[in-house]
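J.: These are the residues of each chain, in order.
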Amino acid sequence: MRVARYLLQRLAFVLPQLLGIVLVSFLLLKSIPGDPAVLMLGPTATPDAIAGLRAQMGLDKPLTSQFVLYVGHLLHGDLGTSWQTTRPVLDDLLQRFPATLELVTFSLILAIAVGLSLGTLSALRPHGWVARAVDLYGLAAGALPDFWFALVLIFVFYSAAHWAPAPLGRLDISVIAPATITGFLTIDTLLAGDLEAFRSAVAHLVLPVLTLGLINAGPIMKMTQSTMQKMLAADASRYEALCGIPERLVVRHALRNALPPIITIISVLYGYLIGGAVLVEIVFSWGGAGQYAVQGVLNSDIYPVLGFVLFSAVFSLVVYIIVDLVYVLLDPRLTH
Amino acid sequence: MGLNGRWRFFARSLAVRPRFAVGYGLVALAVLLGLFAPLIAPYSPIEANSRAFLQPPGPAHWFGTDSVGMDIFSRAIYAPRIDLTIAVLGTLLSACVGTTLGALVGFYSAGRGPRAWLCNSVMRAADVLQAFPVFVFAIALVAVLGQSIQTVVLAIAFVNMPIYLRLMRSQVQGIRSMRYVEAAQVAGVADHVILRRHIVPNAIAPVLAQLSVNVGWGILLTAALSFVGAGVRAPTPEWGSMIASGFQNVATGQWWPSLFPGLSLAVTVFGFSLVGASIEAFSDPVRRQDLAAAMERRAARSAGRQLVKAGI
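From first to last, the protein sequence lines are chains A and B.
For the first sequence, the working numbering assigns the number 7 to the initial residue and increments by one for each residue that follows.
For the second sequence, the working numbering assigns the number 865 to the initial residue and increments by one for each residue that follows.
Next comes chain B alone, as it looks inside the complex (with noise of 0.2 Å):
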């Protein structure tokens, strides 16, 4: 399939299984808010108004006023900027370091010499990694770097690099056992080659359909972060933090300071499920020939609908 012909699956696919298509939508909507932001949000995210404070939802203010007098509509279309920068970048890190160790570690890890030795070493790090209680490893990682947006997306990378590690790794040792992958040894091509040529392409599908997932998570651990005061600080409108100031009111009744925040960044990470989902969907060749089933159906009952039409 060319290009042409791929953008052509891509957008049937879409029509076939809408849940793809919202997902595609609120990435963009996110994006596009993330980067529109000032010229959309009617007052500035850090501007507080004390005389209008704790508003509900009106006509002046869509989303209300928290408890200090800043307009939360704005706010919530301001954080997208740094919960998907924060989550983005940390995702792209853990899958940069994760997937290349990942890839080294399976490629190398036969036999039983000392270069096996240290990928089995680096599979025990990982599993002594993966044993800490995730949300405290990052807090200490956050406490330990100090507190700032840099760290928050580190502590993100750290937590996550396990999973790409271990990912690549059972891809690479699955692929490396292939004939294609033994010929170019045998020709003597150069072992980084062959990884960078034969070996990674075919195994990276299953890591990009966790990357978008993974974006989402990074999301939803920014906001943690935040809600307990370890992420990114006040004032600097963030889902997470603008829940946690919203905390204390809910009991009141006030459910607006928390509702909204929490209701954008659900569905935030909703749609970075879904994308991750259709990229699982593109990229299995089983889930593929259903789509493109499913489109060939879609295709023949237009057409016989049109045929209805003409009256035939």
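Okay, chain A solo, but in the shape it has when bound (with noise of 0.2 Å):
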């Protein structure tokens, strides 16, 4: 009961933040030059033909109605068209949409195995070799630009050594993808009991998921080792390793306890990565959401920017809800 009441008012805060962000993307995408009518009908139009358009997509009427109006097809489930690929945005993103994710997801897990458990061995040895390379390695992550990085590993891995397939989206040309159910390529290929097409979408993945991963595993790494210090050092770990109880289950206990700043650093780094990864998926030609968005705005083609921008935010805004509720799980003292 307590929960279904904490979960209204966050509700309650996010439908305005929504509408704040969903306004300021349309008065900011809406002010980019380029006239839609005239892109969608190319240079051999004629005046009427463009006027006509104009009045059909509601683009001779004041901003704010046009403002009314969109968020009212909002409201229905209409996003929009994209003039580029003549699709409603809503189907566009939702073809999309699930190879960020896959992508993203799997990155994080990366990053979360690698800055975990790098984070927990420097903390146990604050002064030792690998507490140093650890912040070394923490600097030069946060300083090597991700697309460049992908680069290097298309190079190494591609190139000379021929171990990685060719960086062109998420299948090898000649595997049929399999029928669509949750987005997943992982997911659904092995639905589907197609095994080449597993083996594929894996190898596909390995690249991108090595760059993305490595990269952001260096926020997660520094949280997780400031937090496990201070974790460590406090008396209850103190007391336990005086009971003589093994170091293992200590540093078991305290990383149980360390969670929380590391749980809101990772649900932070998994809505940045929505559109964080917009780089990556150029270099990889993915096809995900957010080259998707890139592309929108180069072209002056709004509504996938903003369709986009929609979806990445209500994305964070649930997955920060889900981490409360973890929160609420974890930590006993919150329900009090």
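A hint or two may mislead.
[What the hints assert, rightly or not] Interface residues of chain A toward chain B, partial, derived using beta-carbon atoms under 8 Å:
1. Ser37
2. Ile160
3. Ser165
Think of the hints as simulated: they come from the structure by calculation, not from any bench.
A virtual CB, placed ideally from N, CA and C, is assigned to each residue, including glycine.
Take the two lone chains, each set in its own frame, and fit them into one complex as the hints suggest.
T.: Below, the structure written as structure tokens:
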């Protein structure tokens, strides 16, 4: 009951925030020069045809009524149409968002694995060489441009060693995609029993996941290191060690207590990566949602960008709410 | 500590923490290259020698040439001019606006009057701005304002401003409840004088540490914008657009057009991160004590070694 009330309170804050995000993106994107009607009809269009299309799209109405119209459409699930793909934005995003989500989810799993383990190791021996190497790795990971690191990995593992497949999307050209159930190729190929497609999907995921995972492990690693150091120096851990409890159990208990700020960082990173994976998507021709939005901006196609901003904002808000619920489960003090 | 003492502390801390020295050295190198590029570069950065395209690194072209025949070493040396200028200007602009606004919001956000409501609205607006995917927002800004160096600076400033806003606000909120601020208020000192003389100098330390790291991020964002074609236009040498023009060549095995600009970029941003870490260490009293203790240990060790050499 308390949990349900907490959820309702959070949702009450969420709606005005969402409206604010949509309003700001709408105003910003409407300011981008470029007439969509002209762009859709091409250079040979007659002025009458352009005027007709503008009236049909509602472009000749004042901004406020355009915005009200847009919100009205949103409530019916209509995110507009992209003039580049000539398809409804909702369909385009539903096709592309799972690609980004799959990439970001696996990268985050790698980042969590690397960050938690290295952070814990460096917290155990604060002045050892592991801690110093981990510090340098954190600084280096924050300094590397992800699109450049992706190119380096492509060169080493594809051009030179010929281990990885060509960076041309999520599957080999010769492999047929399975029926879309979740949108995650790894899951869908397994559900369809198509092992060759599964292997191809995994092979194509290796390099982009390595790029995003290794670079974004930095913040998780640093937060783990600092919170674990505090936990291991706390009275509770020292008392456990004095009682003769083996080190790995002491570490496990300290890790459990150190989780809240680490989970915060992970949730922020998850939301950030949905938009932050754009450059890696471009390098690997991934066909993801971020790439779609960037092409929209560069071509004055505003509905894809609005749709993407909305999707990623909603996604971040959902992640934050789930994380808050996880906190309530983890930390019994919060329910009182 | 007087000014002399501060410089000596700084110099000795570089000896104790070599990574700080590396950071300052790298930043100094980048600044020097930006200033003296015309004197160091062997070729002009925009001169294309179409007969010598895609040459691997060699004695004539240390970093090789790209697909139109421009010398990559010269271009990589000229690039800091653009990248550093954009990043520093953007960061300074966002810091000035963000810290001013953050100090005001932090100072006046107490209570329930219209001023507190205004402060609350500013923070909610910052929430909305920060909910945007950073890169898409930056590209959209550049698209709205037109593609030029000035607009890239503005985009970087806009994207980073909420960081300084929040940082300064939380710092000021912590300091405004201190006794000396209360004493100044009781003595009748004007609000803006209190802010300028008492609050801001004590709140500024994390902002300074963030500045250096932010310049690094600004360089990365500029490179990313130029990589997708929304930043600095060709043929101006810029690390991101150089990586983009070498993009197709990587798959065919010519790694040098993309590798060297990216390496220079990463090394420069790394230097700025180290400088930011050093500023953080200098401004935190606990870590300053750790540094002082390390310096004393080092002095004791060298004194001990001299005694051993003297045969005692």
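J.: Can serine 165/A be said to touch chain B, with a Cβ gap under 8 Å?
T.: Check passed: Cβ of serine 165/A comes within 5 Å of chain B, closer than 8 Å.
J.: Min Cβ distance, serine 37/A to chain B: is it shorter than 8 Å?
T.: With a minimum Cβ separation of about 5 Å from chain B (threshold 8 Å), the hint on serine 37/A holds.
J.: Against chain B, run the beta carbon of isoleucine 160/A and see if the smallest gap drops under 8 Å.
T.: 6 Å, holds
Checked against the numbered hints above, the structure breaks none of them.
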